[in-house]
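Asks: Each chain is listed here by its residues.
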Amino acid sequence: MTRVETVAASMEGAVVADSLGQTVVRVPRESLVTAVTAARDAGFTMFIDLCAVDYLTRDPRFEVVVGLLSLDPPERIRLLVGVPGDDASVPSITGVFAGADFYEREAFDLFGIDFAGHPDLTRILLPDDWQGHPLRKDTPVGSVPVQFKEANRAT
Amino acid sequence: MSNPPDVVTGDLEALPSTQHAPAETSVPPASSRRTVHDLWMSGTEAPSDMGRFTDEGAQEMLADDSGTVLAGQMGTLVVDDYERRVEPSGDEIQIINMGPQHPATHGVLRLQIELDGETIRRVKPIIGYLHTGMEKTAEALSFMQGPTNVTRMDYLSPLHNELCFSLATERLLGIEVPERADAIRVMMTELNRVASHLLWSATTGLDIGALSMMIYGWRERELVLAFFEKTTGLRMNHNYIRPGGVAADLPDGWEEDVDGIISGVLTGLADYESLLLDNPVFLERTKGVGVLAPEEIHAYGITGPLARASGIGYDVRTAFPYSGIEQYDFEVPVFSGGDVYDRFLVRFEEIRQSLRIVKQARDTMPRGDYRTEDRKVTPPPRARIDQSMEALIHHFKIFTEGFKVPAGETYQAVESARGELGMYLVSNGDAKPWRLHVRGPSFAHVQALPAMLTDSLIADMIAALASADPVMGDVDR
Amino acid sequence: MAQPAGPPNFLTASLNRAVAWARTRSMWPASFGLACCAIEMMATGAAHNDLSRFGMEVFRASPRQADLMIVAGRVSQKMAPVLRQVYDQMAEPKWVISMGACASTGGMFNNYALVQGVDQVVPVDVYVPGCPPGPQSLMHGILTLQEQIKAAARSGR
Amino acid sequence: MSLTDYLPIAIMFGIAVGFSAVSLVLSRLLTPNNPTPEKLEPYECGIVPLQDPVQRFPVKFYLVAMLFVIFDIEIVFLFAWAVRFHDLGWYGIGAVSVFTLLLAETLVYVWKRGALDWNLARRRRRLVVERELEEAA
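As given, the protein sequences belong to chains A, B, C and D, one line each in that order. Residue 51 is where the first sequence starts when you use the working numbering, and the numbers rise one by one after that. Residue 457 is where the second sequence starts when you use the working numbering, and the numbers rise one by one after that. Residue 653 is where the third sequence starts when you use the working numbering, and the numbers rise one by one after that. Residue 2 is where the fourth sequence starts when you use the working numbering, and the numbers rise one by one after that.
Think of the hints as simulated: they come from the structure by calculation, not from any bench. Treat the hints with care, since some could be wrong.
[Said to hold, decoys possible] Below, a sample of chain D positions facing chain C; criterion: calculated Cβ distance under 10 Å:
1) S21
2) T37
3) P38
4) K40
5) E133
6) E135
This one's a predicted model, so the numbers in the text were calculated from it and none came from an experiment. All residues carry an ideal CB built from backbone N, CA and C; glycine is no exception.
One chain only, chain A, in its complex shape:
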């Protein structure tokens, strides 16, 4: 039984899947911290990545993706956590991996997902007075209309 199965077995409600050759574990929102701790104890000691995805019309609208890595037998694991759109909140994993701090602030800044238990959840990439969360699918790209055609003729 590979390490990933042991990690998945230790959490109820975890489903292991295979996405184009990479192991992916879908984890319910409540047991994210236990899953990450179990993964770290099972050998996935390096925190690689945490990002959010907005699926807009899917039932749990948002998705937090945590990428971990184990070094000696080089192996990756990806934890997927569905987050409903109305109360977009996920327990923060900065307790397990200190490196998740900036990644969670970025997910909060660009998606508006609240990370419960994060030491100082503030915006990181945008100024504080920015209205809205730009990477959400319902926010337009915010491009300035380019007036090539309507440019005033040389009078």
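Starting from the structure of chain A, add chains B, C and D where the hints point.
Replies: Using the frame of chain A, we list chains B, C and D on its own:
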């Protein structure tokens, strides 16, 4: 091998195709400390109430931070190795800005530093001054245009970005790239690593005081850039490695150019090593400065030369080989000192190893096509369009709407000059990616700066910050 | 400069031209490197195609000692007030070169994060095209600025 | 020693004062001068400073300034000896070496007291300690 949609990402085809209506700029309303600069046309005199403040009050360092926030800023969150905790005397505390416009911050990084005399007590990095919204732009561009957007993220090693995006797209498409394309990709990215390390040694030498490094460090880099310009057409931001192969074949006589680069860079490297590595002033400035402990490297996710200088030999090229790189033999240099001196040693040795790979790639460059035959992905050659209707249809379809990538999600990592550059790509079967998240190595390095910089003099801090080689395009995206 | 009254006669005209000559021969750029264009700006300053031919190789970090600001790279919304503050703190006479497509017009990033053209924040004298503009095109931009200054001096502005 | 012997000194003095006077006057005349409020603000890398900088500098800076003054004045006294050291012979060298030894003694005192040591190592990373033990062994 289709992945079960319900488990991994749910039914992706059902997602609406993203047709963003071009809307007015949603200009955020002004608030207390920030007035947004209104449109002010050049040539006329500036209106007096131009934007003055920048509102990051919440992101700035507070005088009375405490708990994990303080520990994070003092860099003792993971490993607390303060021998003697000296409480600072109240009156001497200064919080200064090593701000966005500073010669030693290698880009628009802003560090808020609490100074106790000349010693740094705690550091808070503030980023976002180069946030270009590239991940949002990626969702508005087709897969064909993806590399142009992605290549501008880490502008010191653009080919690594393009390679990572192309590999991720090819994995979603499930197509294979011909041997020659793989070999060209490996050779070009290794040359890009050499150019990036040369630039790093020039700017870090300048920061440490070896001014001649800045003047001469660029000499060899121009050799590499000249070859890039000859092959890809541009010195930087090449858009050369695309899903399905590379944009153009190698120019004639490229073997001599590569030989010239290898000999030129090796002689240049010998000059720099003799200039720096036994120089007592250099040793004084770099030994034992900006040390990173292995636990911090695991916790913050630090990869690349910084990890290999602290004894962790993780290299994506050996751990998860890609583009047939396992057929070239090269070593991964690992040192255990963890300080700025060992980072110099790692990067200088990596230049040599990359040149070894380039030499082997040059000798064993396979013949054949440099793009896949799958006409759905790569446009047909220009001449064919006039002869066959089908080629014209393919050409038209690819360049107007772009090729459709089957639904799915994947994470692809590549060893860039700064560490593991990863891309999490989600496609909903449309011609535009649904979501592209880029895991930049410098993002993790900037987060670990407090662990490296605190309790050192300002001069040591400059050397440690430069040794982390942060590229702000990689951090802010 | 205290503007001499009346039409530019021989004395004041030649003084204007002399001052313009002196100013253009050693303009010190304020290092405002933001993104990819900054790498090309540094490459222009380095040994291979060096800027010291125009007396400009010393990049002043503080705006007090600089009289030319090369905006090299994309200006984000968060960076615009900082850019304006550094521009205001530069001593007269000061000029601005907007280097690269992103600084001049927002370039390929027409989205929420970038100021679409740095002339919304500071008055720009010369726009250098390119993404990134090569060292040669940056030097061409600098020479154009020098011509501009001399022409302005000749016309007695 | 008629007055003309002092002529070269007067010319030197005139050139020095003249040069500085001309450059000051010219710059006053030619440079544009409009002090805007932003220019008068302290420069903080582009960030608008909210509170003005701390006026009370830590005492270490003051200490270093004093040390510099002491050793700088010492060199000024050596000039007097250096001009005529041929004629002063051994007597001169003796006097100067006593003078220099006295000052060297203050340097040793200051060094031992730790005034020159800026960075009281409060944090010695484990890797650094291991490397030193390695080198020692």
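Asks: Measuring from the C-beta of D/T37 to each C-beta in chain C, is the shortest one below 10 Å?
Replies: 6 Å, holds
Asks: Given D/P38 as an interface hint, is its Cβ closer than 10 Å to any Cβ of chain C?
Replies: 9 Å, holds
Asks: How about D/E135: closest beta carbon in chain C under 10 Å, or not?
Replies: 38 Å, violated
Asks: Quick check on D/E133 please, does its C-beta sit within 10 Å of some C-beta on chain C?
Replies: 36 Å, violated
Asks: Once the shortest beta carbon distance from D/K40 to chain C is found, is it less than 10 Å?
Replies: At 6 Å from the nearest chain C Cβ, D/K40 passes the 10 Å test, so the hint holds.
Asks: Closer than 10 Å between Cβ atoms is the bar; does D/S21 clear it against chain C? Give me holds or violated.
Replies: It is violated, given that the least Cβ distance between D/S21 and chain C is near 19 Å, above 10 Å.
Of the numbered hints stated above, those contradicted by the structure are hints 1, 5, 6, listed in ascending order.
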